[in-house]
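K.L.:
Top to bottom, those sequences are chains A and B.
Okay, so the first sequence: first residue is 5 according to the numbering used here, each after it adds one.
Okay, so the second sequence: first residue is 2 according to the numbering used here, each after it adds one.
Watch out, some of these pointers could steer you wrong.
Stated by the list, open to error - Here chain B is said to cover these stretches of chain A; the calculated rule only asks that three of the stretch's residues, wherever they fall, bring their Cβ under 8 Å from a Cβ of chain B: (1) 48-57; (2) 67-75; (3) 88-94; (4) 175-184; (5) 305-316.
Please keep in mind that the hints were generated in silico from the structure rather than gathered at the bench.
It should be emphasised that the depicted structure is a prediction, and the values quoted were computed from it without experimental measurement.
Note that CB positions come from ideal geometry on N, CA and C, so glycine has one too.
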Amino acid sequence: MSAGPSVNEERGWALRGRAAEWAGDGILTAEGRRRIEAAVPFDWRVSGLMLRLVFFALTSVGIIAFYGLMKLMMLPAGIVTAVAAIACAEMLIGRRRFYRTGIESALWIGALFAIIFSLPSSGKPEAILVFVAAFAIAGFRLRIAVFGAIAACLLVIYVAVKTEVFWPAAAAGLALTLLASLALTRTWRRPSTDELFAFLAVMMPLAGYVGGKLADRSASHSDGHEAGIILVFLLAGAVLLEMALRGPHHALFIASALCLAAARFESRELVSFRLENELIVDGLALMALAFVLSRFLRHRTTGLVATSTADRLELVRLVTTVALAQAQQPSAPAPDSQVESGGGRFGGAGATGDY
Amino acid sequence: VFSLEPELRSLAAGGLLGEEEAARLVALERREVFSLFAEIRTLAWLGVMLIAGGVGIIVSKHLDDIGPITLAAIIGFASAGCYVFAFWHRKRALSIIDDFVLLLGALLLSADVGYIEHQFHLLGSGWPRHLLLLAVLHAAGAYFFDSRALLSLSISSLAAWLGIERRVGDVFDSSLDTALRGFLCAATIVVWRIVDHRLRRSRSFAGIFDHFAANLAFWSALTLTAEDHLRTAACLLALVLAFAAGIYGWKRRAEAFVIYGWGYGTIAVDILFAQFVRDEVLISLFLVASTIASIVGLIAVHARYTRGVR
């Protein structure tokens with residue numbers, strides 16, 4: 005039986021993944037990739053992202069069905085489901101060497117959720133802490149960074165719900181962001197540890213800002229602290245950008261961008277521009293920034309560069325663009341002035357209007 | 002951070018990596034060379050989405066402030082400007098954000114065509130045909146600029162056109178007709194793909210056609226299951242499609258289609274079982290069993306598939 009991949013095994017898996025990326029980017033030859041894979045055997049069963057999501061979804065459906073079955077059979081559904089799912093997950097990890105397949109993670113988190121849902125509901129904010137614990141336990145056991153980051157996000161939401169004031173949640177989010185970012189500046193042996201801090205750095209600014217705003221809204225008051233929020237998030241963004249420039253890490257650039265975006269979003273309350281004008285101006289600014297960066301970096305060969313790599317986000321962008329376009333497709337006939345006025349929508353492939 | 006430098010050095014020392022190759026990879030690990038390619042492209046794409054959203058709001062809210070002809074002309078010029086920019090840059094080495102300028106042009110064109118049709122009723126009662134027009138225009142743009150993004154917009158406009166005609170005609174207003182139109186759209190895409198395959202040397206669009214056609218066909222089959230009297234036939238049809246997708250994915254080494262086959266196939270089997278068995282306990286039991294069977298089957302197929310690829 006094994007608790008999971010050792011440090012060396014995890015590093016070997018990361019090396020194989022990196023070799024595949026380098027081969028995709030044309031930095032490493034196919035032969036070089038084969039040599040690396042031969043030199044670093046990895047006998048754990050892993051899945052690619054898409055398959056992992058499918059396995060996670062299928063396993064979740066199975067757990068829900070099992071939980072329902074236990075309920076129908078008048079058995080203690082929570083405990084039985086949890087014991088069965090955890091036993092199954094541990095068997096798959098220990099005997100079948102499952103790691104990052106999506107199955108063992110769904111079994112673990114499903115088991116903990118089954119226990120939670122079988123408990124009587126208290127309706128208190130502290131219930132959030134139970135979910136924090138579930139994600140933290142599953143994340144720690146399986147070394148899954150997303151679970152760890154979700155646990156931290158829920159913790160920030162708990163602070164927001166408990167205090168009903170913007171700053172405690174925002175401060176918790178930003179503090180976790182800065183701590184995770186500092187952690188990213190040192191070298192970690194396990195790739196999963198680096199991944200956890202990267203996810204925390206990226207997700208915490210949003211959790212802090214959104215949690216804070218929710219707290220403000222639930223208290224149905226706003227004490228006019230927009231300028232302070234803008235200043236703090238600008239400062240955090242600048243600090244993170246400085247850190248990213250000193251020791252480049254994609255997570256630091258993204259975290260910095262998110263802090264700056266939060267500051268920009270907050271500034272809407274100070275200036276009374278129309279939404280559409282803001283969108284267009286912001287869009288133009290982003291495109292201009294992208295243009296300037298691409299021109300500035302295009303001839304550079306060391307440090308920060310803009311070298312083409314395999315476009316791994318293309319599919320996400322295509323799907324999102326089409327989904328947005330579809331969401332905005334006309335859903336009712338266009339108004340005919342002789343028949344009716346007002347109502348209806350028009351547009352298509354990404355743009356529309358409502359009347 | 003996390004660095005694989007020690008492993009790379011040891012591979013180089015063992016002669017498994019050339020010195021130059023190892024030095025290049027070590028530089029990447031040390032972040033002496035760090036590409037912002039993904040970040041820059043994401044910035045540009047977000048910019049395009051924000052602008053398109055803003056223009057959508059403007060054309061819907063400020064007709065009276067600006068005037069319809071002025072507004073149509075401004076958006077038209079902006080769109081044309083984007084296309085001219087893309088055309089200008091077509092022959093040169095592609096900059097990393099050029100294709101997003103083209104995408105912006107296409108989205109502005111969509112807004113403009115929709116707006117003009119809405120405002121001036123050029124197509125009369127056949128107003129939804131502006132979506133067909135957009136499908137054709139985006140397709141032409143896709144082929145001219147070899148753009149997968151524009152092809153996706155073209156196909157989504159085509160699908161929207163097929164859906165909207167249903168509402169206008171009001172002849173078909175049921176799951177059956179939604180499904181039939183979905184099948185029709187999937188079939189059109191398949192024919193389009195065949196023509197594209199015969200007449201064009203590049204295969205850059207094949208994946209887009211395949212994914213759209215497969216998902217439309219599967220969703221149509223599952224939509225058909227909403228019809229009580231057709232449920233069994235629809236499930237069997239979905240199973241046939243799942244089998245075909247699996248075979249196609251296997252032969253073409255396209256893992257996604259194998260996954261589609263298993264995923265949609267499992268849903269079809271579950272619906273089929275629930276059609277004939279009404280006992281909740283048995284249905285739950287079957288769901289658990291079918292899920293486990295599906296997972297085990299997918300693991301086995303994936304393992305064989307991975308070995309086959311290697």
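K.L.:
Decide, hint by hint, whether the structure agrees.
P.N.:
How the hints compare with the structure:
no.: 1; hint: 48-57; verdict: holds (count 5)
no.: 2; hint: 67-75; verdict: holds (count 4)
no.: 3; hint: 88-94; verdict: violated (count 0)
no.: 4; hint: 175-184; verdict: violated (count 0)
no.: 5; hint: 305-316; verdict: holds (count 11)
Hint compliance for this structure: hints 3 and 4 are broken, all remaining hints hold.
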